[in-house]
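Using the hints, put the two standalone chains together into the complex.
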Amino acid sequence: MVSTNPEKTRWMRGPSTPLRGALLGLLLERPGHGGDLANRLAARLGETWRVDTNDVYRLLEQLEKTGLAVSRDEPKRNNRRRTHLVYYPTDETSEALTLWMETLLPREPVRLGLQAKLSVAREQDAQRLLLALKAYERECLLLAQLVSPTDGRGRSWTALCLESTRDAVYAQLQTEIDWATRTRSRINEFLERDRNR
Amino acid sequence: MTPLLSFQNVSKRYPDGGREILVLDRISLEIDAGVSVGVYGKRRSGKSTLLRLAAGLALPDAGTICFEGRDIARMSGSDRSRLLRSEVAFMSAADWNANPGETVVDHVATSLGSEGLTIREARRRAMQVLDQVEIGAAGAQELTKALSLTERVRAMLARALAREPRLLVLDEPALFPSLQERDAFHALLRSLAQERNMALLVASEEMRALQGFGMLASLADGELVSTEARATVVPLPGRRRAAAERSGQ
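Protein chains in written order, with this note's numbering: chain L, 1 to 197; chain G, 198 to 446.
So that you can see chain G by itself, here it is in the shape it has in the complex (with noise of 0.2 Å):
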């Protein structure tokens, strides 16, 4: 089966001065359709890096990133954008970047803005994410600028499930007030990707924010340790092929 997304060997450089830094060294991930995969690091680890590439948002350097089979750096600008727009959504606690008059379902129904939607049915299904993140009915009609830290955050998930994506990216989920809103968060994004089949790539400084996902992997000087062996080594095709065939498949 072809993987939803996949890493084979590869690695990202940043310039530093007059040198440049190895952020990711040869990764290999492989995530299938509907899997959870948390990656902890601390700062500086490479997370986000991880994340920009898995989310299209940046090229690898060496290495391939394949969205079901196809390879991202080799498509054309606009087949990469309209790709990542429609399957995969990118998330960041810290981005938060809504305008402080519009009300929360606006802000939701404009995310849709591209699917050629009417506003009405734009709104309508905005409506229906935000239900599902638990912002009811009423603070659907608040002021962005009204809403709490954790309403927020429920905010941007709905922006970014609001097109159905098949990977949400999230980067960094955010510090909630309490241990028990956090807690709440969590189990509300594992049990709406259960629910859609959709996979979950998020990385964090905190091993509580990656409870219950279906596999782990730790992310420090480039390297990346997982819990599933596969993650790190990934067999050429033609192993691939001839375990395929020893297995009967």
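Looking at chain L on its own, in the form it has when it is part of the complex (with noise of 0.2 Å):
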């Protein structure tokens, strides 16, 4: 288990999260420029991310500030009498990656944690991953668990929408789990190939 002092946990603060983390791998895999990752990024997450580059210049300077990152000047390779900031992972990266991936995420964003924490994760990571997505379908079954139950019995307009919001819950929920289960078993079945390898 890594360190948990509140210092390195201090850059996971706010909505951004994901991206940053996601930012963190991009980087430990290969340095790139802004643009660059922006794009990176984009490819890895899909479409339903709405990834503005902006965005990303402006995650990339809060890692460096907090020592996740630094950048270095370097001429552009289509113009090299032009610069631009090419992004690097520091000593604390991969660290603070692994904490990342050990992090129990918020239950709003959860599930876009999951995903971000996904496109980037390694290999040793494997069993961090399956934690995590455990500690997910647990927080999906206990929000079920929540929801109050129907008798069936409504015939008012406010029961019908009542039953079918809780039909959408359900629905949600069962697919939220569907897809935890699912990516568990993908792990588990890759982790299975690499022991008989």
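Hints may be right or wrong, so weigh each one.
Pairs of lysine to any residue, SDA-like flavour, derived with a Cα cap of 25 Å [as the list claims (entries may be wrong)]:
| hint | chain 1 | residue 1 | chain 2 | residue 2 |
| --- | --- | --- | --- | --- |
| 1 | G | K239 | G | E403 |
| 2 | G | K239 | L | Y170 |
| 3 | G | K239 | L | Q174 |
| 4 | G | K239 | L | P149 |
| 5 | L | K134 | G | R210 |
| 6 | L | K134 | G | K239 |
| 7 | G | K239 | L | L118 |
| 8 | G | K239 | L | R10 |
| 9 | G | K239 | L | N188 |
| 10 | L | K134 | G | S245 |
| 11 | L | K134 | G | S401 |
| 12 | L | K134 | G | R267 |
| 13 | L | K134 | G | A384 |
| 14 | L | K134 | G | G260 |
| 15 | G | K239 | L | R182 |
| 16 | G | K239 | L | L112 |
| 17 | L | K134 | G | A295 |
| 18 | G | K239 | L | A168 |
| 19 | L | K134 | G | R240 |
| 20 | G | K239 | L | N39 |
| 21 | L | K134 | G | E402 |
| 22 | G | K239 | L | D52 |
| 23 | L | K134 | G | E361 |
Hints listed in this document are in silico derivations from the structure and should not be mistaken for laboratory results.
Written out as structure tokens, the structure is:
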């Protein structure tokens, strides 16, 4: 287990944490300038995430301030007379990524957070991901448990709306659990194959 | 307090061609009297195996299953069937197996055949329980072949409840013709379990079928994840005793 010094988790505050975490993963894979990292992030996370290049520059600056990234002015590849900032990981980046993988996420953006973790996870993060997915499954089950049941006898418009809303909640939680169990299954199969190799 | 039913590190394998499939992998679960537990899982996730083990219809390959502290696997065959016949009812909506020419009340009454009751007394008890599942006196005299899908499930429930079990194990509540009928059945099930202080263990492919349950679990690849930590981690006896001493029990 890595250290849980609050200083080391300060960068995990705020709604952009999943993007910051994913950027750390990308930096560890290979350094890049802001535009390159924004493109890689968008490609990795898919269309459902709206990745704004300006936001990525802002997030990289934040990561640099907290010592998790470092930038260097380097000549552009296609125009050597012009330069741009290329971001590199620091000695602390890998530990920060590991810590993020192990950190339980707050309720609302939990799926997005897990998705971001998966997008940049390293093979050594497999067990951390399995734990995070189990915690997420448990969270979904708890949420389902909190929904008050209906008796199916409502005939009023209000009862119909209430029951339909409950249906939506159950359907959403079911989808989330299915996704989490499927992902666990894939990781376990991978680990099994790896063991047999 | 001894739980009504407990699974401790229970594993179950099934042969599949030349290999074996691990259907349940070291499952631990405790169900107290009167508690409802819903297990959600996709098809082939191991739900039915878990329920068959809970109902004593199959035995584990590893681990122990205890009913009120008694290890089911160590009982003699007759003791096990006596215990399970009187304390546990198993219901699977897919297993409707009624003689089409018999009345609903007789269908329920015949399930009490081994209780040593007269047919008159068995019918009286059947009528009571049919009333509780909201099949009235007129419905009780219908032939089973005339029952609608919803009435059929209710008759199955009546048959399961007639022996007054302390644990009802229900595999996949049936598909109802309307959402309202489905929710009404689930509400009836919950209220009957509460009235009778009967534990429920229900598995379904649909989260909605598990609404209002005291504890929820999901099952996939033989692994169980549940809303209560003790369903996945059962403390060792020494630790449990130490915890009880600490809390002054």
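Hint consistency between K239 of chain G and N39 of chain L [alpha-carbon to alpha-carbon, up to 25 Å]: violated, 37 Å
Distance restraint between K239 of chain G and N188 of chain L, which requires alpha-carbon spacing of 25 Å or less: holds, 17 Å
Distance restraint between K239 of chain G and R182 of chain L, which requires alpha-carbon spacing of 25 Å or less: holds, 10 Å
25 Å Cα cutoff - pair K239 of chain G, P149 of chain L: Cα-Cα ~22 Å, so holds.
Pair hint K134 of chain L and R210 of chain G, alpha-carbon separation not exceeding 25 Å: The given pair, whose Cα atoms are some 23 Å apart, holds under the 25 Å limit.
25 Å Cα cutoff - pair K239 of chain G, L118 of chain L: Measuring from Cα to Cα gives roughly 23 Å; hence the hint holds.
Agreement of K239 of chain G and Y170 of chain L with the hint, judged by alpha carbon distance not exceeding 25 Å: Roughly 15 Å between the alpha carbons, so the hint for K239 of chain G and Y170 of chain L holds.
Restraint check for K239 of chain G with R10 of chain L, where alpha carbons must lie at most 25 Å apart: Between K239 of chain G and R10 of chain L the Cα gap is close to 39 Å, so the pair fails against 25 Å, i.e. violated.
25 Å Cα cutoff - pair K239 of chain G, L112 of chain L: Holds: K239 of chain G and L112 of chain L sit about 23 Å apart, inside 25 Å.
Satisfaction of hint between E361 of chain G and K134 of chain L, Cα-Cα up to 25 Å: The given pair, whose Cα atoms are some 37 Å apart, is violated under the 25 Å limit.
Straight-line alpha-carbon gap K239 of chain G to E403 of chain G, limit 25 Å: holds, 8 Å
Straight-line alpha-carbon gap K134 of chain L to A295 of chain G, limit 25 Å: violated, 42 Å
Hints 8, 12, 13, 17, 20, 22, 23 from the earlier list are contradicted by this structure; the remaining hints agree with it.
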